[in-house]
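Participant: Each chain, letter by letter, is given below.
Number of protein chains: 2
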Amino acid sequence: MQSSKEYINQHKDRFLNELIELLKIPSISADSAFSQDVINTAEVVEKALIEAGCDHVEICETDGYPIVYGEKIIDPKLPTVLVYGHYDVQPPDPLDLWDSPPFEPVIKKTDEHPDGAIFARGASDDKGQMYMHVKALEFMVKNDQLPCNVKFMIEGEEEVGSVNIAQYVANNKEKLKNDVILISDTGMISKEYPSITTGLRGLSYVEVELTGPNRDLHSGLYGGAVANPINILTKMIAALHDENNHITITGFYDKVEELSSEERAEMAKAPFDLDAYQSILDIDSIYGEKGYTTNERNSIRPTLDVNGIWGGYIGEGAKTVIASKAYAKISMRLVPNQDWEEITDLFTTHFESLAPKGVQVKVIPHHGGQAYVTPIDTIGYQAASKAYETTFGKVPIPQRGGGSIPIVPLFEKELDSKIILMGFGLDSNAIHSPNEHFGLWFYYKGIETIPYFYKYFAEMMAQEL
Amino acid sequence: MQSSKEYINQHKDRFLNELIELLKIPSISADSAFSQDVINTAEVVEKALIEAGCDHVEICETDGYPIVYGEKIIDPKLPTVLVYGHYDVQPPDPLDLWDSPPFEPVIKKTDEHPDGAIFARGASDDKGQMYMHVKALEFMVKNDQLPCNVKFMIEGEEEVGSVNIAQYVANNKEKLKNDVILISDTGMISKEYPSITTGLRGLSYVEVELTGPNRDLHSGLYGGAVANPINILTKMIAALHDENNHITITGFYDKVEELSSEERAEMAKAPFDLDAYQSILDIDSIYGEKGYTTNERNSIRPTLDVNGIWGGYIGEGAKTVIASKAYAKISMRLVPNQDWEEITDLFTTHFESLAPKGVQVKVIPHHGGQAYVTPIDTIGYQAASKAYETTFGKVPIPQRGGGSIPIVPLFEKELDSKIILMGFGLDSNAIHSPNEHFGLWFYYKGIETIPYFYKYFAEMMAQEL
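Read top to bottom, the protein sequences are chains A and B. First residue of the first sequence: 2, per our numbering; consecutive thereafter. First residue of the second sequence: 2, per our numbering; consecutive thereafter.
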């Protein structure tokens with residue numbers, strides 16, 4: 002019987018070329034100028050699922066971008082794997098920091114990727130990782146090695162908060178029924194240290210708007226005599242952290258899950274090279290909440306970051322103006338037990354309380370999601386672990402991740418099954434950044450590993466019965 | 002003999018139409034996309050000076066935009082007035098806040114301007130006010146009432162820091178020789194309370210750039226673990242003022258001229274309506290340095306304002322990114338005895354000291370200028386005061402202004418004469434803001450008043466001899 006590795010070797014170039022075509026379409030869900038491209042991408046995914054061997058594929062309309070649903074049911078009595086992924090991508094700006102255009106994929110060798118990596122927006126997040134599942138299905142179908150049923154649910158709004166999929170899931174519980182949900186939209190430590198993400202942070206994303214005088218003013222005539230919304234905004238944002246980089250929002254930490262010293266000691270065993278971390282980012286120091294390590298700060302601790310700020314004159318040269326308005330986009334990463342809607346309310350109340358007289362403040366919630374932690378004693382996790390062990394030669398390290406897939410906890414709740422986060426990216430993939438890329442070694446390794454998950458999952462489920 | 006008032010009444014429409022044509026040209030010196038328009042404007046000014054009666058007019062090239070020089074020498078033994086003004090304008094953005102396009106002048110009646118005001122970028126600052134002098138010359142020449150010599154020096158770089166005029170002045174001291182310098186680029190309290198500006202604030206304008214990681218990062222993977230340049234920038238800017246809104250830069254106040262309580266009591270006599278001030282700006286409170294009144298805050302006290310800030314994702318929707326860089330444009334208004342170059346150095350040292358490890362900070366000085374105070378016991382001031390008294394029926398109030406004309410102190414030093422700031426604008430003219438305008442009543446009143454200045458100045462100078 003042919004192995005996935007052999008099949009990949011025979012179809013290497015085609016697997017790469019298909020991904021390149023998918024990456025060429027600028028499916029930027031955040032920017033309405035690209036709406037036709039987003040829709041076109043859904044159609045390419047639909048076609049790919051049919052060609053890979055799905056029996057039934059459909060484009061499901063929502064109030065926003067469509068969800069591509071596909072399935073191959075070989076026997077209703079067998080277990081079912083539901084694959085979730087997304088075909089939309091982050092906006093590529095700042096464009097001038099890309100070494101090659103974000104939607105003209107190129108393959109380049111780097112120190113980290115001696116076999117080459119594909120550089121394009123979405124290469125890793127999530128087109129490349131989502132497409133591994135399509136190609137793994139192709140292998141299993143063509144080689145008669147699909148051991149159970151499979152369903153695909155690929156959405157187009159993950160990068161804008163998965164606004165419509167909740168309704169879709171609620172309306173299609175029977176159709177989406179499954180025994181495990183498989184997602185590749187996260188990373189691993191390294192080629193040498195495979196890992197499986199066992200936790201995701203929650204998210205609350207807000208935009209704030211400050212209004213001072215009703216029009217832009219001359220800074221000579223009014224400077225120093227009226228509240229300048231930009232100066233005030235900097236004061237208000239600065240006040241959101243104290244001198245130890247704790248977040249000052251009243252009630253923010255009340256429900257935060259605190260890990261035991263044993264759990265923290267276990268976490269500290271994961272390999273981490275501070276010098277390499279700093280050197281790859283070109284920074285002379287790390288920075289963060291007092292009392293926690295870097296790996297803790299970006300996984301088990303909640304954070305608050307400004308993602309964008311603007312106001313006043315930002316063009317060439319100088320303009321002596323006091324702006325009428327100033328804006329910021331602010332997001333908070335949350336940990337288990339923090340409810341994102343409650344945190345959004347706490348932020349709003351606190352932020353409004355920071356505004357002095359002379360300015361008006363408006364907080365506009367964007368979107369959010371709950372944190373998620375998956376247990377490692379489930380069949381799903383054990384099957385995934387064994388699959389990595391087979392192809393990497395090492396038991397993967399379970400690791401809490403810092404990112405968010407806001408929709409994940411909802412899947413568990415609505416569909417009553419566990420989520421397995423089989424990510425093949427690296428932190429250095431520059432997702433959401435210029436020069437996003439995905440190592441070819443990891444792309445092919447993902448396609449190789451996924452069929453073993455199906456194999457072990459089906460076997461373990463059969464034993465269970 | 003015909004009065005200036007009678008002459009204006011005969012030529013009202015033409016005077017207005019000529020200004021409208023001048024305002025149609027977008028002479029934005031800060032934006033190189035408009036360089037041809039700036040040059041075209043110089044040529045329109047050249048033509049206007051010839052038509053108004055100058056004997057000799059020339060366009061003097063500099064390393065930047067040209068200076069238009071014009072003169073009418075009626076008798077070398079008579080005194081000479083040098084008129085300074087500028088033909089460049091501020092950038093018009095934010096464009097969406099204009100009620101009519103900035104370079105398509107319209108006349109509208111408002112509560113404050115029942116006779117109508119002309120709405121356009123540069124209407125008040127400074128095309129409208131500069132053009133009053135051209136039309137006043139026309140009146141004096143056509144009616145044989147020019148009592149002394151006159152020279153014009155109209156530059157095109159005032160809004161970008163008058164970068165080349167210093168060299169021009171230094172190279173042309175003999176040509177520019179004069180007995181008084183007359184400038185209309187400031188305002189007055191109101192129609193009912195004419196005032197003459199006796200002081201200008203100095204200026205230091207800088208841009209700051211913060212760099213954290215060498216690329217934009219995913220806020221989930223790195224949030225809370227590396228210094229976010231936007232968060233740090235807000236902290237650093239917030240730290241530039243203390244809780245009393247004093248500026249915290251070390252040494253900033255060391256040389257500030259402190260006014261005596263008598264002087265402050267004298268200032269406090271100027272009419273000021275706090276309710277009207279707040280209501281016209283739509284603010285519920287004023288804001289500023291503790292221990293000083295609004296009129297003091299915007300005239301005799303130095304200030305620090307952010308004029309623009311930007312970084313990260315500022316487009317539609319949400320992007321969960323930690324920006325590599327964050328920027329701000331910051332200006333400080335200075336008072337007598339503060340040296341702008343020294344203040345720029347103090348700012349730089351202080352701002353750099355505020356940066357924590359994990360970010361790099363760069364301070365780029367833009368431009369600056371010294372503060373200026375003019376005495377009121379000079380012939381120039383007395384002639385101006387008498388001119389206002391003649392046309393307004395009231396002795397004007399001497400008043401320190403909050404704005405800056407950075408080149409003014411240099412004129413006094415290089416040309417050894419006093420500057421008289423005969424401004425006819427109002428604070429509410431929205432200079433540097435959307436919907437800049439200039440009341441027609443003030444435009445015509447300026448043209449009416451200026452010839453009286455020449456008359457009284459020539460008479461007083463003759464008496465002096």
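Just to be clear, a hint being listed does not mean it is correct.
What the hints assert, rightly or not - Restraint ranges, calculated between C-beta atoms of paired labels, are given here: (1) A:T249 - B:N173: 54 to 62 angstroms; (2) B:K363 - A:I190: 53 to 61 angstroms; (3) B:D276 - A:E413: 55 to 63 angstroms.
Claimed, not checked - Footprint (simulated), chain B over chain A, 3 or more residues, beta carbon under 8 angstroms: (4) 84 to 98; (5) 216 to 229; (6) 328 to 337; (7) 398 to 407.
No wet-lab data here; the hints were simulated from the structure. For every residue, glycine included, the Cβ atom is placed at its ideal position computed from N, Cα and C.
Participant: Work down the list of hints and note, for each, if the structure agrees.
Facilitator: Checked hints:
Against the hinted window of 54 to 62 angstroms, the Cβ-Cβ separation of T249 of chain A and N173 of chain B comes to about 59 angstroms, which satisfies the hint. Hint check: K363 of chain B to I190 of chain A, Cβ distance near 35 angstroms, so the stated range 53 to 61 angstroms is violated. Evaluation of the 55 to 63 angstroms hint for D276 of chain B and E413 of chain A yields a pass: the beta carbon distance comes to about 59 angstroms. With 5 residues having a beta carbon nearer than 8 angstroms to a beta carbon of chain B, the stretch 84 to 98 of chain A meets the requirement of three or more and the stated coverage holds.
Using a Cβ-Cβ cut-off of 8 angstroms, 14 residues of the stretch 216 to 229 of chain A lie near chain B, which meets the minimum of three, so the contact claim holds. Counting residues of the stretch 328 to 337 of chain A whose CB lies closer than 8 angstroms to any CB of chain B gives 5, so the stated coverage by that chain holds, three being the minimum. By the rule of at least three residues with a Cβ nearer than 8 angstroms to a Cβ of chain B, the coverage given for the stretch 398 to 407 of chain A holds, with 4 such residues.
Comparing the model with each numbered hint stated earlier shows that hint 2 is the single one that does not hold.
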